[in-house]
Each structure stands twice: as C-alpha cells, then as structure tokens.
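Full structure from sequences and hints, please.
Sequence order for the protein chains is A and B. Counting from 0, one number per residue, gives the positions in the first sequence under numbering that gives the first Met the number 0. Counting from 0, one number per residue, gives the positions in the second sequence under numbering that gives the first Met the number 0.
Simulated from the structure, these hints should not be mistaken for laboratory data. Please note that the accuracy of each hint is not assured.
Pairs of lysine to any residue, SDA-like flavour, derived with a Cα cap of 25 Å [unchecked claim]:
#1 B:367 / A:45
#2 B:81 / A:52
#3 A:14 / B:192
#4 A:14 / B:81
#5 B:192 / A:58
#6 A:46 / B:434
#7 A:46 / B:4
#8 B:434 / A:129
#9 B:81 / A:56
#10 B:192 / A:1
#11 A:45 / B:87
#12 B:81 / A:78
#13 A:14 / B:369
#14 A:100 / A:63
#15 A:14 / B:1
#16 B:81 / A:117
#17 A:45 / A:78
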Amino acid sequence: MILHTASEGITFSRKLENDSAEFYENLAQQSAEDAEIWLSFARENKKNIVQVERAYYGVITDAIEGCFAFNIDPDEYSLKTAIKEGTGYADFLKQAVEIEKTIIQFYTDAAEQSRSLMADVPRVFTLVVRKRASRLEKLDSLLKR
Amino acid sequence: MALLEEPIKEVRTLKNYIDGEWVESKGEIIDVVNPATYQTIAKVPISTGEEMDAAVEAAKAAFPDWRRTTPVARARYLYRLKELLEENFEEVSRIQTQEHGKTIDESRGETRRGIENVEVACGIPTLMQGYYSEDIAHGIDEFVIPTPLGVFGIIGPFNFPFMIPLWSAPYAVATGNCVIVKPSSEVPNSQTKLTELAEEAGFPPGVWNMVHGGRSVVNSMLEHPDIVGITFVGSTPTGRDVIYKRCGETGKRVIAQCGAKNFMTIMPDCDVDRTVIAMMTSFFGNAGQRCLSAANAVIVGEDDAFYKNFVDRVIEQIKSIRVGYGLDESVQMGPVRDKEKKDRIIQYIESGIKQGAKLRLDGRENIKIVGDYPETCFLGPTVFEDVKPDMKIGSEEIFGPVMSIMRVKDLDEAIEISNDNAFGNGNSIFTSSGKSAREFQYNIDSGNVGINIGIVAPMAFFPFSGMKDSFYGVLHTQGREAVRFFTESKVVIQRWF
Chain A
0 MILHTASEGI TFSRKLENDS AEFYENLAQQ SAEDAEIWLS FARENKKNIV QVERAYYGVI
60 TDAIEGCFAF NIDPDEYSLK TAIKEGTGYA DFLKQAVEIE KTIIQFYTDA AEQSRSLMAD
120 VPRVFTLVVR KRASRLEKLD SLLKR
Chain B
0 MALLEEPIKE VRTLKNYIDG EWVESKGEII DVVNPATYQT IAKVPISTGE EMDAAVEAAK
60 AAFPDWRRTT PVARARYLYR LKELLEENFE EVSRIQTQEH GKTIDESRGE TRRGIENVEV
120 ACGIPTLMQG YYSEDIAHGI DEFVIPTPLG VFGIIGPFNF PFMIPLWSAP YAVATGNCVI
180 VKPSSEVPNS QTKLTELAEE AGFPPGVWNM VHGGRSVVNS MLEHPDIVGI TFVGSTPTGR
240 DVIYKRCGET GKRVIAQCGA KNFMTIMPDC DVDRTVIAMM TSFFGNAGQR CLSAANAVIV
300 GEDDAFYKNF VDRVIEQIKS IRVGYGLDES VQMGPVRDKE KKDRIIQYIE SGIKQGAKLR
360 LDGRENIKIV GDYPETCFLG PTVFEDVKPD MKIGSEEIFG PVMSIMRVKD LDEAIEISND
420 NAFGNGNSIF TSSGKSAREF QYNIDSGNVG INIGIVAPMA FFPFSGMKDS FYGVLHTQGR
480 EAVRFFTESK VVIQRWF
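Structure follows, in structure tokens:
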C-alpha cells in the first residue's frame, strides 16, 4: 500500500531505523572484534529516529499538506535483516551494505518528495543520508580488510 | 496500517476546574461520542449558572494577586505549560482525533498551532510594555501602561477542540487576567487535558478555570457583571446575534470569530500539481469543518480544455482520498463530528441538486471507509460543478466536505463574486502571476488572504483576522492584537514640583 500521509512516512522511517538497528545489534553478537562498530550504528539509528520525529512534530501544521505529503511504496525499501546461521562474516557485511543503500534510497526519495514541507523535514532526511553515506565508506573498508 | 493506541480508555464523567479544584457538576450529564466508532468515550456535565458564578468568583478573587505577579514570573508558568504540552504532545493530539474525528496529522498540526500561541505569550514581558514620552510640556512626562482588566470568558467551538481556546487564554493570563474556559460540550476532553496540564504547570487557584456546559453557561457568562470580556469562536448567528450583541449591551469587550464561505480562485497559470494537492487539504482537511476551508473553487478563464483537464485532475485526486478513523495513519479524511452535522451537510447536497448544480461526485453514496466502522458520521467528498453564487451551496456555509466549482471569465469576476458573499474569512488565489496575486490581495474583502496557500491560518504572532459576517469586534485573537485586547491603556501624565 502506498504511503501518503506525513505520519505514515515518519512511522515508516522509524521502522527502517528500528529494523536495521536490530540487525546491527544481532550482528554485534556475531563479531566480538567489530561489536562496538555495530552497536554504534544501532545507537545512531535511535538518534536518527529522535531527529526525524523532532523535525516532523516541529513543523506539522495546517501550513503543510500533511495528509498528502508522500507517495512512497514501502515494498521498494524492504530490508533483509535476518541473520542466518552459517553465513560468513563477509556476507553479513554485504548484507549491511544493501541495508544502508536501501535506507539511503528511502531518505533520498523522501527528502525529494517532502521539499514542499517546511525545510526541517527534507533537511533532516538529507542529514541521515549523509550519515549513512559515511557508514557505507566504513563498511567498504571493513570489506577490504 | 495498524491503529494508533486510543488515549481515552474508559468512560469518565468530566469535572469542572474551579479555584484550583476539580469539582463535580450538579448539571445534566450527556455522552461524548467518538464520531468514528460511535462509542461513548466520556460523559460531560451541562453545568449550571451557579457553577459559572462560582468560577467567576474564584477568578475575581485570584485577580489582584495574579495581576501583581510580575510579567516575567507569569511567563514562567507559560514556559512550564509549554514544556508539559511538548511532553504530552502525542496524547493531546490523539485525544483530539478520538473525540473530534480529524486525522492524526491534522490533530498534531492543531497541537503545534496551539503550543505556538503559548510560546508567543511567553514573550509577554516585552509584548506588554508601554511607551513613554518625556517633556510633552515643560517638566511633564506622559506614558501609557497596559493593564489587565480582570476576568475573561473564553468560549471554544467543536472543530478545533484543543487549539482555539489557546488563541486567547495564554495572552489573557500572561497579561495578568484570569480566565474561564468553556469548551464545546461535544469535544470537552481536549480542554480537560489542557486544564490538567495548566494545573500541573502550577497556575495559582482561580487564574485558569474551566466550566463545561452549553447555552446556559454561555448566558451566565454574558450576564455576569464581573466578566469584562469574552472571546468566542463559532457560528455567525450565535456570534453576531447573541455574543456580540449581548456583550455590547453589557459593556464587555468581545472578539467573535464566526462562520465563513471561502472562495479559492484558480487562475489558468497556476501550478496545477501543487494547486490540486493544496485543494485536497483546503476543501477536505478536517472533513471541511474549519472556518478556513475552501468551499467554492472559482476557475478563471474561458479555456475549456484547461477547465476540463483541471477538474478531471481534481476529481481523480479526490477519489483517492482515504476516509476512515483518524487514528489510522493512512487515513486522509475523518468523519464529520456527529450525525446531525452529517444530516445538515446532506441537506445542502440535496439543495444543490434541486437548484440545478451538476453533482460530479456524491459523498453520500458508496462511502469507502477504511476499517470496520459504522457509517453514522462518515461522508465521502462531494463535488458539484456549474454552481452559481446565489445557490445555497454557493453562498451558505456548509461546514463539510463539499466542493462547489464555479466558472468565471476573468479575475475581476472572481473577486466580484467572492466579495458579494456575506462572509470574508479566508479567500485565496492560485496563480504564477504576481500581478494577479497583487490585484487579488488588494481587492479581496477577506480577513485572511492566501496566495498559493489553501489554508490561510495565521501564525500565532499574527492576528487571526476576519471580515464582514465572519468577524464581530475590533481586535482579533493571537499575537499583539490579543495582548491589546486583554489590556487597557492607562495613560499617566506626570509632573513633579
């Protein structure tokens, strides 16, 4: 089902952050060496939720078209977050890369669609994109290790 | 999409808040019904005149000390209230949806707009400063001191149960007055919650009171000699013929913000995509139950192709509106507040058909409600074409999700038919031409004017304006005008020998 309302869009971003945080928390249990990296990702996800919600709650008024804010198909941003037994560590890293790319795509699209909302909302989405882009660099360096 | 959790879980009988105490009313008790589920969610008293008198006595007794409390200290109570409102933002918003029916995005927007008024009133130490002239004559100085007046009554409507009393109350108490809020008995839970938070913020007993009720409570307010002024938001007949008239007779200050019939002028050079989306919010937001909702879409020009394509786009978009319970996040339009209001809207639809308008979309039939809810208070969006300004649906306030489309040859005619209407609340134009926008802004008789804005709701630091039959009074609620309304100018001329 397509997501149209601002509330739906924000709830969906929270879901993506929570689901990926859970993935990283599970991944931390698989790798003692890199556990702190994964836990820091999970913590950052929680901060993202707070920032996005703060932006939304700060601007949601009748000055914006809150019930017609987005045109998002959640199926285009489904995440594979299950940790399968027997999967190699490099494959987990690749899985993380896919998760980050998908979430980046969501926030990029959401930022584009929410340009007619007040500046706060697209700006916070763009900030999350920037943070996640640096994660991709980190993941890339881990893959090359 | 799952339903958000309802904040009101059990039916309780609401109490009045008088002199810092929650007091049971001796008046008749009536049910408060959730319009989406049609379940009773609270019971509210129709308080007696004596109970209103008790509130006035408490407010009057609290006034001298509250007035002497410094503006800086009074502002601190409001800062605490603001923090409590932020902490309770989601609960306050969901209560609005549960008792009124609006969507959760709309309720959160209402909460934010209400809080913004508290924020503006926090600036009272500078907002209520007077001014001073030295040496108006030899050795003589003159200055003005804005002083509070006493006890004010604040009468809220059903359509914005949380926000609208906040257009007045924060400014009234910030300037040193005491208030009695009377919420609509149809939606009393939002103000009850707000009053609980005001209590938690620590306002001294008697400064912020709330009395539930109906007409008899309003009459008691109007007749009471110790109430110095009233702010009212509601229908034009009540605002004009009861509130404004009686306040004049009893010497009270008054702000009476009343009904509307808003015209949205659409020029052929508008940004079609953005205009269509703005129309959805403007015509169907809050299920059309707002005094700033557009009611008439006036499409300008003789270009038949533009007209046809534009209207087809509008209809296509309207058909996609999801109607249902506002606590479902996917819902874009909730029910109307109650069955009587729905019946009244249906009567207007029937009159439109009878008077020859072309019914393009019928909101009475085949209402697709998201979820399993009774149809009792639900209506789909309705669209009429070929509406004339003298038809009932083209001239009277429907207060529901009905769009009346009119065609005019040019901008002058659009302005003319808008100005011929009795109301003047929130008219708007959609255009990419600065010249057209300026001409519209200059000539339109409307208290709030939108240029490519569908809901012309002024921010808290601007007055919520209105003209003609939409407003009775001089000063408006919100911002500096509210500060002016709630204070009297005491002019001092002094000389020292």
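Outcome of the hint check:
no.	hint	in the structure
1	B:367 / A:45	violated (37 Å)
2	B:81 / A:52	holds (18 Å)
3	A:14 / B:192	violated (30 Å)
4	A:14 / B:81	violated (29 Å)
5	B:192 / A:58	holds (22 Å)
6	A:46 / B:434	violated (47 Å)
7	A:46 / B:4	holds (24 Å)
8	B:434 / A:129	violated (41 Å)
9	B:81 / A:56	holds (14 Å)
10	B:192 / A:1	violated (34 Å)
11	A:45 / B:87	holds (20 Å)
12	B:81 / A:78	violated (39 Å)
13	A:14 / B:369	holds (22 Å)
14	A:100 / A:63	violated (29 Å)
15	A:14 / B:1	holds (13 Å)
16	B:81 / A:117	holds (22 Å)
17	A:45 / A:78	holds (17 Å)
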